[in-house]
Structure formats: C-alpha cells, structure tokens
Amino acid sequence: MLNQEDLIKKIKNYNKFLNLETLSKAYTFALNAHKNQKRDSGDPYLTHPIAVADILTDLKLDSATIATGLLHDTIEDTNATYKAVEKEFGKEVADLVDGVTKISALEDRIIENSKAENIRKLILATSKDIRVLIVKLADRLHNMRTLDSVSDENRRERIARETMEIYAPLSDRMGMNYIRDELEDLSFQKLNPEARNLVVERLLINKKNRENNFKEISKGFNKVLKKSGIIAKIVGREKTPFSIWKKMQTKRVSLEQLTDIIGFRIIVDDIETCYKVLGLFHSNWSTIPGGFKDYISTPKINNYKSIHTAVIGPNKERVEIQIRTYQMHEFAERGIASHWIYKSSEKVSHLALKEYDWLRDLVEIMEKDSNPEHYLEYTKLQMFHDNVFCFTPKGEVIKLPKGATPIDFAYAVHTRIGDTLTSCEINGRGSPLQSALKNGDLVKIIGSKNASPSLNWISYAKTGKARASIRRFWQIKKNIYQKTDKKYVSSLCIKIPDIPGKLGEVSSLIGFHENNIANMEIISKKNDYLEFIFDIQINDLKNYRNLISELKLKDYKFKIIRHRKKDAFLQRIFKNFKRNRSIT
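Take numbering that gives the first Met the number 0: the final residue in the sequence shown is number 583, and no numbers are missing along the way.
Please note that a few of the clues may not be correct.
[Said to hold, decoys possible] Each computed EDC-like pair below joins lysine to aspartate or glutamate, with the alpha-carbon atoms no more than 16 Å apart:
id : residue 1 : residue 2
1  : Lys315    : Glu215
2  : Lys553    : Asp539
3  : Lys24     : Glu85
4  : Lys437    : Glu424
Everything labelled a hint here was simulated from the structure, so no lab data went into it.
The task is simple: from the sequences and hints, build the whole structure.
Spelled out as structure tokens, the structure:
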C-alpha cells in the first residue's frame, strides 16, 4: 500500500502543477473515514481507495481526479456527506465523488434492473464529466484484481460478466487499451477458467521459443531500420490469454496454428517516418494479405491511430506489426487520459475532449427513447464498430460504422432527413437503400415531405441512432392513434433555489415533458429557497414519469401531493366572489 509521500512523489514525476494541499487532505480524509472498515479479504479498507488512486496516477491524471479516487467511497460507505466533501475539497471534487457514488449505487441493484437500464444510468451519471467514468474504471479494475476475496460465487460471476459486457467495452471506447485488456482477461478468468488455464498452459510450454524468436526478429528489424538511418523503439508484447482465445474462436484454429501471439510495435518520432518504416518492411519481407490497415489516415471510432501490417518476417515467422508515433502510443495506452499533458496547467482543453461527444449522443437517445433495450443496442453499436468515411454532395465528411447504409447516412446528417428518405445516389448512380457504404463514397439523399421511414429499415440500419429514430417515429405515430381524452391532475411541491432563472428552468422542464401548469402557488420563502406548489395537468403518464426522473437527476427537492384539495386557488377566488356578492 502506497503511503502519502510515495503517492505524491509518483504524481510529481509527471505533474509539476499538482495541488499538494488537496491530495494530502484527501489522503488523510480517506484514512480517517475508513479507519474502522475492512474489505472482504480482511485487509484495511483504505487499501482500496489508495490502489484506485495509484491506477489513476499510472494514467497520469490530474489532482482532482486522483483526490476523487481516494475519496470515491466516502459518501457511499462512511458518514461523510456531499456537503462535507464540498466544504473540504470544493465543488469540482465533490461532484466527481458524487458521480462515482451514483454509479456504485447501481451495482447493488443490478439484479433488479436490466443490463440496459444499468448502462443508461451509468452513462447519465458520467455524461457531465468524463473523469467520473475514468475513476469508475480504475475502481472496477482494482475490484477485479481482488475478486477472489468475494465469498459469494454468484456475486463473483455477476461482477465478472458485468465487467466483460459493460466496463471493458467502455474502456475500449475511451481508448484505454491496457485497462480494457486487463479487465477482459480478469473477467475471462472467472467466466471461463478452464479455457483460460488451457491457453496459459500451452503458452508456458513454448515460452522459451517465443522469447528467442522475439530477439531474432527484433535484430532483423533493427538492422533494416539502422541501415536506413531510422531511429525507432521496438516493443514486443505478448497478447493476453483472452485475446488469444478470442482469435482462436474467430479464426477457428488451434493455439498451435496461431503464429502471431507476440505483436511488435515500432515507435518513431513523426507520421512521415511511420510510412517510411512501412515501406521498408514491405520491401524487405512479404506481406500477408488482409493484414494491412491504416488507422492513421482513418482512425478508429475511439480515435486510436496506428498503421497495422503483417509480414513473413525474419526466420520465416508470421509477424503482426503496429507502427505509430510516441504520441499515438501514449494515446493507445492511456486513451482519453493522454489529453492531460501538463504543459501549462492541470486543466485539459474542452476541444481535446470533443471526440467524446458520443456520450452526449447516448444521453440524447436515452432521454427520447423509453425502451432500455434500444439504447443498449445503440451503446453496443457505438462502442464496437470500426468506421467508414463518406461525403455529402457539399463535401461534408460523415463518419459511420463499417457496413453502414444510406439509411444510416441520412440519419447521421439529420433525423428529419432520415424520416423523409425515399431513395439515394452513391457516386452519382441510383443505389438500393440497403447498400453497404465504402470509404470515400459520395452519397446524395433524395427525400419527400410526405414520406415516412419503413420499419423494415431497422434490419438494414447499422447505427443505433438510425434504429432508435425509426422506432421513435412509429412510437410517436402509435401514441397519436391511441391517444384518448383522459387527463390526469397531480401536484408537485418543489423547493426551488432562490437564484435567478431556476423557476424558469422548472417551468420549462414541465413544458418540455408535455405537461401543462394549471396553477402555481408560492407557499413559503426561506433564506436560500422558495417553496412552490405546481398543479399539473398530465396528458401522458409516461411523460410525467420522465419529468419526475429529470427533477431527481437535477437534484431538486420535491414531493408529490396525491390528494391535494382540488383547485384550491380557484376555490379561494370563488369564496371571495361569494363574500363580495353577499355584501352587495
């Protein structure tokens, strides 16, 4: 277990702008909060938050994120409150800790909810600050490393499956490859121990031969590079048992037939040199068909960049090679965390995080679609597909997953374009809507105001946005046809902070969810908030439930009054009216 001095020393190695006071206080705060607690293994509970902070330090995160790692269980598992954390460490750290706490609360209820519902809540909880998800991934990684100490076998399996299905793909989507690899392999160890043990045993038998081969192949590569005056770092990395097993299943081959168990990374200074190295390797050794992919010119959807190739290398061995710059290598290992580079401060540019707009896309789908399985499908599609780049007639680039169709293209441009789609032209020729688009295709969408999407398109569409939009279109149509004149009335008593704009925000939320305010009264006024009662006319109970969910999400304090005296405001008016008549 790292002590406070060692942790701070480790952070200083990469971050000269660290907030020493915050980190020291966070360490002490966690120490005091968890002092009487033990983990399932019997170890002091403090070992866990310190291990999480250590993983975040390996990722070279900023002070606020590492402080969050130290404090992430304090609100959930101790007497500490959000207010106490905010008072000690400020709103930024308190919000991050609160975000991680909300995700952790989901894990205890995963049996009650579907997997899709838990993904929804996880994404909603992290959409405000991507660092919440990074801390959660570090938390899950340490919990997986110590999973054997959990006594309940069913719980162990549930955690491993959840990790494989949700957290490993999310770490991949964020470009954090080494975390993804370890999460996958630790889950594989619990979910299919026989298969993993078989792979590990076979690897041990040929370990010596592989080490000798690696040295010989590295020598051959170095010789060619030095002869051309190229300075490069050559790194060899053995694939994890899970990735080997996955490849065996995909290629339907035995372990003995797999010859690319070790991958080589050639790391150079700039992009130009990457292509020089590629040319050298291809001119010196025979290439293996289908092994070349240029992820520098067309990065993966998670912004991963490298040139991949495969050759029959020195000693006639099949060799997989990745050629990249040091910056690309840093991103391949740390993913989004590589954006924290500490040149002038700890802050990261919002532009650098713009590629993670997919989180906001997920939130938009979740807010508009009431079926959890739809956004589970969308999440999977967004996380796993490589991409193709196509063009609009005006030259705008549209990024889509591999295998996408003109239907996906239309919805990627705008939902309205997709909903009115009738036909299309690809590279100037009329083409079926189910055509698979290729890199560089010029796509012209032809539509009609009177057109509507076909439900059959769902089987052709590859993107979650297109599928969700088609379903939503017909769900709205269905609701219109089924609509009745029945209306409901409910009352909400809401405490609204005495801040300009907050009353307007609540009123807008009520209207946004298609509810009508029949009456509004202020019933009390305190120093920091006003208490209002809203009498709400409800046209659709689902919209009302969505309003309640959003009020909770925005942390408004409120209560539902189910049997409020009907039209109390109007009754007061009638009472005054009657009194005035009796006087006259």
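Status of each hint after checking the structure:
no. : hint               : in the structure
1   : Lys315 with Glu215 : holds (11 Å)
2   : Lys553 with Asp539 : violated (22 Å)
3   : Lys24 with Glu85   : holds (13 Å)
4   : Lys437 with Glu424 : holds (13 Å)
In the structure shown, a violation is registered for the earlier hint numbered 2 alone.
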